[in-house]
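Number of protein chains: 2
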Amino acid sequence: MISGATDFLQMENKWEHEIISYTNLYKNELLNNILPFWLKNSKDEKNGGYFTCLDRQGNVFDEDKFMWLQGRELWCFSYMYNSVEARDEWLNMALHGASFMEKYGRDEEGNWYFSVTKDGKPLVQPYNIFSDCFACMGFAALNKATGEEKYKKIALDTFHNILKRKDNWKGKYNKQIAETRPLKNFSLPMILCNLALELEHIIGKERVFEFIPLVVNEVMNNFYDEESGLILENVSPEGKFVDCFEGRLLNPGHAIEAMWFIMDLGVRMNDEQLIQKATDIMLHTLEYSWDNEFGGIFYFMDVKGNLPQQLEWDQKLWWVHVEALVALAKSYTLTKNKKCAKWFVKVHEYTWKHFKDNEYGEWFGYLNRRGEVLLSLKGGKWKGCFHIPRSLYQVWKILEKI
Amino acid sequence: MISGATDFLQMENKWEHEIISYTNLYKNELLNNILPFWLKNSKDEKNGGYFTCLDRQGNVFDEDKFMWLQGRELWCFSYMYNSVEARDEWLNMALHGASFMEKYGRDEEGNWYFSVTKDGKPLVQPYNIFSDCFACMGFAALNKATGEEKYKKIALDTFHNILKRKDNWKGKYNKQIAETRPLKNFSLPMILCNLALELEHIIGKERVFEFIPLVVNEVMNNFYDEESGLILENVSPEGKFVDCFEGRLLNPGHAIEAMWFIMDLGVRMNDEQLIQKATDIMLHTLEYSWDNEFGGIFYFMDVKGNLPQQLEWDQKLWWVHVEALVALAKSYTLTKNKKCAKWFVKVHEYTWKHFKDNEYGEWFGYLNRRGEVLLSLKGGKWKGCFHIPRSLYQVWKILEKI
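Taken in sequence, the protein lines are chains A and B.
Under this note's numbering, think of the first position of the first sequence as 1, with each following residue one higher.
Under this note's numbering, think of the first position of the second sequence as 403, with each following residue one higher.
Think of the hints as simulated: they come from the structure by calculation, not from any bench.
In silico SDA-like pairs for lysine to any residue, Cα to Cα no more than 20 Å straight-line:
1. B:642 / B:585
2. B:748 / B:427
3. A:172 / B:527
4. A:118 / B:646
5. B:706 / B:692
6. B:520 / A:182
7. B:520 / A:247
Produce the complete structure using the sequences and hints provided.
Right under this line is the structure:
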């Protein structure tokens, strides 16, 4: 029995030891692979803004500019400038994107377009409020980097606009007939959890502390499904399960990412119970969505075990895996739950083996179920300079503190 | 040399012989597997209409009703009644769907909803004109079966509504800013090629003969891209290539299916040149989109060889393959081009091996690149009682006449 206990302790130390040994891996990958790749390949010197459709080698294969990804890259370089080191090349890259966004990004009412041409002509209407969320995050971070009032104003105006639109953000583009089957979607409350803290230097601690309980309640009570122990993507306005395609949908990556946002809010509010609950939900989601045959986390599932309608359901996506690494590293340091450490090692091994491109730099985004590359692009309409650098930074800093 | 020529002739006869031997296979599959499966499993006895979300065994896993698929199943049973044999069970099945559609299918302006609940409450707005196209086809076929004026009126009203909406059918749901980059999409002209002949008994020969040259010109001149020899999914209003994600998109299944619609129009108008051109485009599309590694036809491609944005691009879908069989059988009998016969055998072997479910009846719809079942459903939000029975019927009748 004593020997068993010693083994157990040694085992635990082994996991912790292994994890700490990764610190420099994450740091180097961020500073010497990912950020240089985007600095080198994504800047549109002629028209301003960022190219994000980059092939395996980093060549631009499409020149349209997606506001969602412009805002994310602006955020990324501002954030690295604020958090890692005040490097001029990072600030200049941020300013380069901000200037394009400021000029061409919004319609007359201040809504952010979904996409524009390389020279800024609007292509797709602001039907999608996430463009606004990432513009808001980006300009808030740039305001922190520069102290410039005009960036603060853009962030704040956009934030107010998001709050104004939040209950009916699809507006006239909404095709659902809400009278028959009202549903609300998880994405916005999830992002607001993160946005609240990103805006603290602008909206102030008091406002953030008013805001946090509202979004936490929405995520942890309304979208959390007691019966399955999982987070649903769509629920009724009262937070109940609705038995239809949308109501049964699970997006495990979303849920896992949201749980580390919640852990951050738990830390900010000193709420250990909240951190514990977020850890439990995250671990349960990971166990539920791990592909025991080929490894990796499924993209979409159905909470009743039915067939999901998404044809890409079994694919392995970069953001799902790197966000899981953040959630696991964070929950491990906060709870010392050894399950988190074990899972971290498992997800780490899968992720670095399958996503990292050892030949041309940066990481692949889309793998098939077997973990083979499905699309070799480094950036596109949905993959940009965001999840990978943010996660590498987060994990690096968490491991450094263990 | 003489011996070579004999071999060649024997070879050709071998292909033809092999193809003819399939006749009963197609007939039996239609009459003893596919139609009985839908008769048994898709009828909603309580509320009327058809369930289309059927799992591998035929159990209903979702009860929403998608107008697109209601219209297609109505068409299918009416068509079989008109074309194969006047069986009461087929007519009753058609009437069962028609009555539900008539009661609950349309909004106040006569547009067909995208979906309704099992008991007919509207769920998703008529943002999609293809619901209207298939309702029109369905009621036209039911009018032919019954002679009932009221079905003719529904078909005709819907047809006029489609023509009225055709240049801006997305209406307020359109998110594209056309001033910046106007594009038109291939789907509607493609379906109109087929719809024209389906409505001949209602709108008359003269109207059909006015209509045909317009849709043929649209498909064979505007959407056909001279440079690649392929059909594009989206072009400029003048029919030119536009270098963006939508403009570069190829949907080989769409192009191949459209080519047999064009062959039908060629037959109707006695235009051998048109049949020849459609055959050439179809064969070229097939050669371009065949997966030489794992077999089967890719779902989406990019005309410039870039990475498509569709994550499901490499999947093998039922409708693509069965429509290719129709196009190949048809073009072979019309042109006697031996390439069509060879390709027919190749696609036939792939299709029957991978899609047919020998255990629970009907066919799978969604395979991954390797031809393994990705989703085991027999029907869903997009797969219903349409492509497989229509194709089996078409191939059966074509082979019977060789």
